[in-house]
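Here are the chains, one letter per residue:
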Amino acid sequence: MNRSGQTVDFGYRLATVRLGRLSVRFPLRAMLVSAVLLALASAAAFVSLRFGEYPLTAGEVLATLTGEGDDFHRLIVMEWRLPISVAAVAFGAVLGLGGAIFQSLTRNPLGSPDVIGFDTGTYTAVVIAILVIGTRNYWTLAGAAVAGGIATALLVYVLAWRRGIQSFRLIIVGIGVSAILGSANAYLVSRAELEDAMVVGFWSAGSIRRVTWDSMGPALLVTGAIVVSALALSPALRRFELGDDAAVTLGTRVNAARLALIVVGISGSALVTAAAGPISFIALVAPQVARRLTRTAEVSLAAAACMGAALLAAAYLLSVMLAEVFRPIPVGLITISLGGAYLIGLLVRETRRRGGVL
Amino acid sequence: MSNIVSADATGVRLEAIEATLGYNDTTVLNKLTAQIPDGAFVAIIGPNGCGKSTLLRTFARVLQPAAGRVLLDGKSIRNYRTREVARTLGLLPQTSLAPEGIRVADLVARGRAPHQGIFSQWSRADQEAVAAALAATRLTELSGHLVDELSGGQRQRVWIALLLAQETPIFLLDEPTTFLDIAHQYELLDLFRTFHEAGKTIVAVMHDINQAARYADHLIVMHDGAVVRTGPPDEVLTTGLIAEVFDLSVLVVPDPVTGTPTVVPLDSRSPRTTG
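Which chain is which? The protein sequence lines are Z and Y, in order.
In short: position in the first sequence from 1, add 8, done, that's the numbering used here.
In terms of the numbering used here, the second sequence has 85 at position 96, counting the first letter as 1, and numbering is strictly consecutive.
Read the hints as simulated data drawn from the structure, not as lab findings.
One or more hints might be untrue.
Label-pair restraints from in silico Cβ distances [stated by the list, open to error]:
#: 1; chain 1: Y; residue 1: 106; chain 2: Z; residue 2: 360; range: 53 to 63 Å
#: 2; chain 1: Z; residue 1: 236; chain 2: Y; residue 2: 36; range: 48 to 58 Å
#: 3; chain 1: Y; residue 1: 246; chain 2: Z; residue 2: 15; range: 36 to 46 Å
#: 4; chain 1: Z; residue 1: 167; chain 2: Y; residue 2: 16; range: 21 to 31 Å
#: 5; chain 1: Z; residue 1: 47; chain 2: Y; residue 2: 83; range: 43 to 53 Å
#: 6; chain 1: Z; residue 1: 236; chain 2: Y; residue 2: 223; range: 58 to 68 Å
#: 7; chain 1: Y; residue 1: 64; chain 2: Z; residue 2: 187; range: 29 to 39 Å
#: 8; chain 1: Y; residue 1: 186; chain 2: Z; residue 2: 360; range: 44 to 54 Å
Computed from the model, here is a short list of chain Y residues facing chain Z with C-beta under 8 Å [said to hold, decoys possible]:
#: 9; residue: 91
#: 10; residue: 103
#: 11; residue: 143
#: 12; residue: 188
#: 13; residue: 189
We put the CB at the ideal spot given by N, CA and C, even for glycine.
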């Protein structure tokens, strides 16, 4: 075979970087899309700093961010509003990552943690922690959320297991488990004290407004850890896309890799659920929209994260702008209503593709 | 490259020893022992459901035997690092799953996975191996195309290119020519022969006995989860064996082109005895 340093035509433009032992291939379009999405996320986060009970101009916000402006503005922007805007970007990114991981693992655009019950599981754990154990400590809630998410994932996997995992069965089982957990949540709330029930009720709407630097500092560290782990696991994820058998023969320790991917994928939802309550549909929507924009076959983790950040930052901006003219709407309710419309479209498309009657 | 030294003194690369494997209550492999000689072109033949694919997938370590062992170069395959095995043997599965919207070169490049790491994701060696694999399967011109748009024959060549890019000395092929028309079948078989001549050890599960006899130099004949006979095609393929394994009356005649044994079924409506 002739191997005189020939190049390979991938059918799209890419940049190859080789430095010593380091070598990477960057699809240019996906990089560009990610950069634009990240810029949009930052812009939405910046504009959202203007809104609130004490509206500021863009100039005032910019001055405060760059260290000028008076103390009152600094208190409003830096202490009250900035952690929330940062949370919108960071939480959106980890939700997008989680969705991309599970959609790749299940090889199905419906296979995101908010559809297949994992998010409901993290939420159930938080409800139990608040109502039964009686704690509101952030770290206890975050730990409970992770444990609840993983327990739900294992339950769904075990119930869907039949000589291996078939993604469509996994999704149907996940939707069923999600419904059961939803009724358990409702039951727990119905027998709680009024005050506790209200706390959980507000929680369930998914509002990032309760975020402060106290909870956001550690949450940012966890976000960083999730992003780094996800990128490190992304080669393994690519191999799962060819099927479990191919993943084995291409040198993946499938059980260990799958478990690691599940834990990383759920950590994102758990982090967000513990800090803000369940925020649905970012995980479902972001990876698929990103995939359409990047025109890649695989769900690109970087693009999915940037898309998630842009979507949640935009949803939060919409929520604070609505508060100006109407009343505050929790961001979780906005993502649910927009995402619900997307889900209907996706279900119809998937059913058609499978030769269904819808 | 692989740091596994070539075959041991006996010249056996892969070996199943008393391997037993089953699903639920059915036993698929029953204390099966089989050897793959180094540098051989092995065809595994036998009736449907005899365990051919299961044996291949056990060799590929996709399936774990419940009892017994699989040895790679004399050492239990479970004692190797997963990645090390992936650099030694590659599998062409019976059916493959291409992500929707993937392009040819992207899919072929995935064969490089066992040679890549977190920081080394597209080395010069990766690029050369993918380019060579595309050239060997005559896909260079199509490398930027969508896999979904290719014909069945071309698509199978993409999966073979992925296997080539993996650069393993052993190829495990699970019914590689099923679903292809006769011209594409022989095109692929000729391709496998060139790989074999270039030094690869090839193990193929095959349905067509005549093709197996024509291309392989070593047959493993299976029946009911066990090996019935092994050896060169002209020694193994007899009317008695075909009757025993396939329950079919045949004539075994030399292939008019290659001289290799060819199985010709007798007419079941007007049975005649063979001379």
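Results of checking the hints against the structure:
Separated by about 41 Å at the C-beta atoms, residue 106 of chain Y and residue 360 of chain Z break the suggested range of 53 to 63 Å. Taken as a hint, the range 48 to 58 Å holds for the pair residue 236 of chain Z and residue 36 of chain Y, whose Cβ atoms sit roughly 52 Å apart. Checking the proposed 36 to 46 Å range against residue 246 of chain Y and residue 15 of chain Z shows it holds: the Cβ atoms sit about 40 Å from each other. As the Cβ distance of residue 167 of chain Z to residue 16 of chain Y is approximately 28 Å, the hint placing it in 21 to 31 Å holds.
Hint check: residue 47 of chain Z to residue 83 of chain Y, Cβ distance near 47 Å, so the stated range 43 to 53 Å holds. The hinted range of 58 to 68 Å is satisfied by residue 236 of chain Z and residue 223 of chain Y, whose Cβ atoms lie roughly 60 Å apart. Restraint check, residue 64 of chain Y to residue 187 of chain Z: a C-beta distance of roughly 50 Å breaks the suggested window 29 to 39 Å. Range check, residue 186 of chain Y to residue 360 of chain Z: about 48 Å between beta-carbon atoms, so the 44 to 54 Å window is met.
For residue 91 of chain Y, the shortest C-beta to C-beta distance to chain Z is roughly 3 Å, which falls under 8 Å, so the interface hint holds. For residue 103 of chain Y, the interface hint holds, the least distance from its beta-carbon to any beta-carbon of chain Z being 4 Å, beneath 8 Å. Evaluation of the residue 143 of chain Y hint against chain Z yields a violated restraint, the C-beta minimum of about 15 Å exceeding 8 Å. Contact between residue 188 of chain Y and chain Z, as hinted, is not supported at the beta carbon level, the nearest pair being about 12 Å apart and thus beyond 8 Å.
Evaluation of the residue 189 of chain Y hint against chain Z yields a violated restraint, the C-beta minimum of about 12 Å exceeding 8 Å.
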